[in-house]
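Q: Sequence:
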Amino acid sequence: MVRGKNVNFSARAINSLFDTPTINTSGKLQEFLEDHPSWTLSRLNEPIHFSGTKLTVVADNWLRFISARLLPTKHTFEVTRKRAIMIFTILTDVLFDIGCFLHKSIWKSAMGGLTVGLYHPSLITELCARADLERQPDDELLQHVSMIPGRARAPVQFRQRQPPQLGLEEWVDRLADEVHHLQLQQEQQFAYQ
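Residue numbers (our numbering): -3 to 189.
Because the hints were derived from the structure by calculation, they are not lab data.
Any given hint could be a false lead.
[To be verified] Taking lysine-lysine and the DSSO-like style, the derived pairs with C-alpha atoms no more than 27 Å apart in a straight line are:
id, residue 1, residue 2
1, LYS70, LYS104
2, LYS1, LYS104
3, LYS50, LYS70
4, LYS1, LYS100
5, LYS104, LYS78
6, LYS78, LYS100
7, LYS50, LYS78
[Stated by the list, open to error] Here are the computed distance ranges between Cβ atoms for each label pair:
id, residue 1, residue 2, range
8, GLU130, GLN181, 48 to 56 Å
9, LEU171, THR49, 20 to 28 Å
10, THR72, VAL168, 17 to 25 Å
11, GLN132, MET107, 19 to 27 Å
12, LYS78, HIS176, 20 to 28 Å
13, LEU171, MET107, 29 to 37 Å
14, HIS176, PRO117, 29 to 37 Å
15, ARG65, TRP103, 13 to 21 Å
16, THR49, LYS100, 26 to 34 Å
17, LYS100, LEU40, 14 to 22 Å
18, ASN2, LYS100, 14 to 22 Å
Even glycine gets a Cβ: it sits at the ideal position worked out from N, Cα and C.
Please model the complete structure; the sequences and the hints are all you need to start from.
A: Next up, the structure:
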């Protein structure tokens, strides 16, 4: 509840906003977590993190993207379980329930379990707007343009000189294409040597 209105932060609501499916990949993810030999384990024998030096160049680049945009952190020395799962799903094309991931992240943030502040403020703002929660004059505006893709919100009028910003999916697709292109260039370089 926010300012007396129910705001739906469920995985289903988030998936609906991004037009993504609800997916159950727990078996594949659990297999990945159990197969990785370098995990530092908790007292309950659950994987916590492993050293970032164990990553390939491509995986390290994805870790940097994830750590900068999706799960902010000050360092990438250790790869946490959540970041490892995201890298695994990206590199192996395993489907990933982004709504469930974001829901858990928002929930942890709301319960005070994060030390770096609130994750996904643009998403929270959009979900509040969908619940007809009006902005108050003293609300802090973190970004002028929503991070939510254009198809999921009301149209925005951009100035002619300014190209429209890419949505998250398009941006990730472009980044994946660039990484793939760099891989091909690297393979060609090694082939000539």
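Q: All hints are to be evaluated individually against the structure, with a verdict given for each.
A: Verification of the hints:
For the hint pairing LYS70 with LYS104, the CA-to-CA distance comes to about 18 Å; that is within 27 Å, so the pair holds. Using a Cα cut-off of 27 Å, the hinted pair LYS1 and LYS104 holds, with the two alpha carbons roughly 20 Å apart. Restraint check: the Cα-Cα separation between LYS50 and LYS70 comes to about 19 Å, which is no more than 27 Å; the hinted pair holds. Annotation: proposed proximity of LYS1 to LYS100 holds, straight-line Cα distance about 21 Å (limit 27 Å).
A C-alpha spacing of about 13 Å is found between LYS104 and LYS78, which places the hinted pair at or below 27 Å, so the restraint holds. Between LYS78 and LYS100 the CA atoms are separated by roughly 11 Å; this keeps the pair inside 27 Å, and the hint holds. At most 27 Å may separate the alpha-carbon atoms for a hinted pair to count; LYS50 and LYS78 meet this at roughly 16 Å. At roughly 50 Å, the beta-carbon separation of GLU130 and GLN181 lies within the given 48 to 56 Å, and the hint holds.
Restraint check, LEU171 to THR49: a C-beta distance of roughly 23 Å satisfies the suggested window 20 to 28 Å. Look at THR72 against VAL168: about 18 Å separates their beta carbons, and that is inside 17 to 25 Å. Separation of GLN132 from MET107 is about 24 Å and conforms to the stated range, judged on CB atoms against 19 to 27 Å. With their beta carbons about 24 Å apart, LYS78 and HIS176 fall inside the hinted range of 20 to 28 Å.
Taking the beta carbon of each, LEU171 and MET107 are about 31 Å apart, inside 29 to 37 Å as hinted. In this structure the supplied range 29 to 37 Å holds for HIS176 paired with PRO117, their Cβ-Cβ distance being about 31 Å. One distance hint, 13 to 21 Å for the beta-carbon pair ARG65 and TRP103, holds here, with the actual separation near 20 Å. For the pair THR49 and LYS100, the beta carbons lie near 28 Å from each other, so the given range of 26 to 34 Å is met.
In this structure the hint that LYS100 and LEU40 lie 14 to 22 Å apart at CB holds, the actual value being about 18 Å. The hint said 14 to 22 Å for the Cβ distance between ASN2 and LYS100, and at roughly 19 Å that hint holds.
When held up to the earlier numbered hints, the structure conflicts with none and fits them all.
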